[in-house]
Amino acid sequence: MNQVAEKVSNSADDTIVSVDGIAKRYEGGVQALKGVNLDIPAGQLTTFLGPSGCGKTTLLKIIAGLLDPTEGEVRIRGQKVTGPGPDRSFVFQDFALMPWATVIRNVAFGLELSGASKEERYEKATKYIAEVGLKGFEDAYPHELSGGMRQRVGLARALAVNADIILMDEPFASVDEQTRRKFQDDLLDLLAIEKKTVIFVTHSIEEAVYVSDQIVLLSRRPGKVANIFTTDLDRSVSPDEVRRQKNYLDSVDEIWAILREYLQEDESAAARKVRG
Amino acid sequence: MTIFGKKVHIIFSLFLWALVWEVVGHTGWFDIFPPLTEIFKAGLEIVPTDKFHNAMSITLHAYFVGMGLAVLIGIPLGSLMGYSKVVDQLVGTWVNIFVSAPLTAIVPVLMVLFGIGQTTVIASVFMFAIWVIVLDTRAGVKSVNPSLPEMAFSFGANGWTVFTRIYLLAALPEVLAGIRMGLIRAVKGVVIGQLLVAIMGIGELFELYSRNFLFEEFWALLLMVFAFAFATAEAVGYVERRVEFYASAR
Ligand SMILES: Nc1ncnc2c1ncn2[C@@H]1O[C@H](COP(=O)(O)OP(=O)(O)OP(=O)(O)O)[C@@H](O)[C@H]1O
Ligand SMILES: [Mg+2]
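As they're listed, the protein sequences go chains P and U.
Mapping to the numbering used here: the first sequence position 117 is 117, numbers consecutive.
Mapping to the numbering used here: the second sequence position 109 is 109, numbers consecutive.
Extracted from the complex, chain U is given alone in its bound form:
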């Protein structure tokens, strides 16, 4: 962003909007927008409570288990799709349906399958995160310079070695991009899963706060969730930038 021909740092623009929010909040025009400072105060109040800790631990558990499964299954599946035309044709359509489908509608189905509990939330995280990982990994494997596997074969490598030593490493930038997008979608997955299951984790807190018109607490929690999604994605983004030279050398 530039203002008066000067580059403006993103932090500055965030600060500007925070200021607008604060002012609007103090006018008291909208109940739903309390001043930002009040939201921070509420945040500081809820963070030390047991209720918050329990909600967080159960949420993070679902998030990381679901995300871990999405990575563990998504990368091999995406690689296979990039590697083999048959697999690609076999599952490609389904993956493309799922990546663009309104997955929220699937959560009730998951509830029927897995019951009202943590398993459903994990499944929901998984469903939200996996497809973009699959598609990005597939694209990465497909874009590997064909000379590289040929080179490895010429030195006597077998198919498995070529797969692990060439394809996976060459596709790493795309795989990481997929994981980064997956992490963001997984946040959606965990919140939506818990909201629909409605009796656990931060989903339960969201329910509680909004039902009782506790907008300060509600916003505090929401901002924490945003910050978490942003921070995890940035962490992967950092790793991505460190391997950026892959792309320039291709």
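Same shape as in the complex, but just chain P:
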């Protein structure tokens, strides 16, 4: 990276994560990913979308440094990823909260592991608990919270360590639709303040189009990048109006058309199997 690029590294279109020739083959022989190449711009929300089992979680965990790729490498600002790092934090689909710890201790856990003092931990945790809208629940235990609230704890924990990149694996998959929509809006509001790079995995086309700046469509297993869409929504209007915008509706249709093709291919493949 040259001097000039360094200086403009916080401009919106700068690549922060580059995925280069990633393949992943699990023990037991499942080829989850093959030849994935991808540049993820800083300061934006990028979504991985694709059929079930296509390797979205696998790719996200490789970026997180939780899984080693079989081939290829991931670079963050040009640095090869060899494991988890303080520049990335992960939000888990099943929240991954410690049931024996209160909300504030859960939120402060990342800070605790990085060796922050108790005062600093609690101060930051308190701030982010308020930011995700859970003020007053600091001393509650996870089992006392609803699914949506638990995921807010998971989000606060990821924000509290102040990583530049937040990786979210289907964060809203196990919350109900109303909570989900509220959460999506809150997330967008929060990101407008926090200026993070977010990589987001979802099953839902509507959710992907609604929250993303960029959507990466992965093909069926072994997953590779099939298509990249940039959505260009006017977010200055109300959520309902955003969902009525032509851009929004067109993107949803376009992505659905591609995913439907995968589905039909799956069906005809299954039919061939039955016949043959």
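Honestly, the hints are just simulated from the structure, not real lab data.
Treat the hints loosely; a few may be bogus.
As the list claims (entries may be wrong) - So these bits of chain P aren't anywhere near chain U, every CB distance computed over 12 Å: (1) D14; (2) D20; (3) A42; (4) G53; (5) R75; (6) M98; (7) A130; (8) G136; (9) F137; (10) D186; (11) R220; (12) T230; (13) S268.
Unchecked claim - Pairwise CB distance ranges, derived in the manner of DEER restraints: (14) V20/U - A173/P: 58 to 64 Å; (15) V91/U - H143/P: 30 to 36 Å; (16) D50/U - D139/P: 40 to 46 Å; (17) H143/P - L72/U: 42 to 48 Å; (18) L90/U - E254/P: 53 to 59 Å; (19) L72/U - G136/P: 38 to 44 Å; (20) G92/U - A140/P: 37 to 43 Å; (21) S143/U - E261/P: 40 to 46 Å.
Computed from a predicted structure; not experimentally measured.
Where is the CB? At the ideal position from N, CA and C, for every residue including glycine.
Given chain P, work out where chain U with the ligands should sit, using these hints.
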């Protein structure tokens, strides 16, 4: 238990059986069953004696040392088995043999190894208590939601931190259940150990009472042992219920 559709408290059913015992005792049909009130009287008589105190202290010593060792070794061993497939395969078979084996048969072997004395009794307590602790801890560690260690790793934790801060705490309910069962088995271990060694502790008292047909004293001692086993297990059970929310949140 319900009678005539009403819930009956456990104390009430205990009381009922005690009453039956008392009545049977007064009939004098069986020498071996003296009336319960006589047993309590005998109990009150033996408790203040020096002989009883010495027997108790030597017994409790063996019990707690053996139990302590079982916990100190059982929890790490069980955790390792849950954590690592290799260790599990290496020692799993042995643990399973020991947990179901008639351990009484092992005590004479322990006697050969450790001599006729307190060490053998401690070893016997240990052998009775440890295996269930190992197996329960293993099950607890195995059932930890894999997202939790992954979460800790993602925040930069190393293997040891993940082990102590996630696995051990997440497995706590199972570990406690193992300790509770271990405590009960350890009572068996201490009594059987002392009976076979035959010259010490409450084992010696049991010998003495039964050889001389002192059934009141014999039953008094036995009931005290039962009460002790029940009380220690209940104490751990109490702690277990306090951490019960773990289970509901998993
Ligand atoms: N630990 C593992 N060992 C073996 N195979 C695995 C493992 N984890 C995932 N797989 C397989 O790899 C493929 C990709 O899995 P992955 O979880 O990345 O998919 P996904 O796109 O996140 O799916 P979903 O939408 O259902 O969450 C799947 O076929 C899965 O069965
Ligand atoms: Mg997934």
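* Any hints from earlier that this structure breaks? Give me their numbers in increasing order, please. => 6, 16, 17
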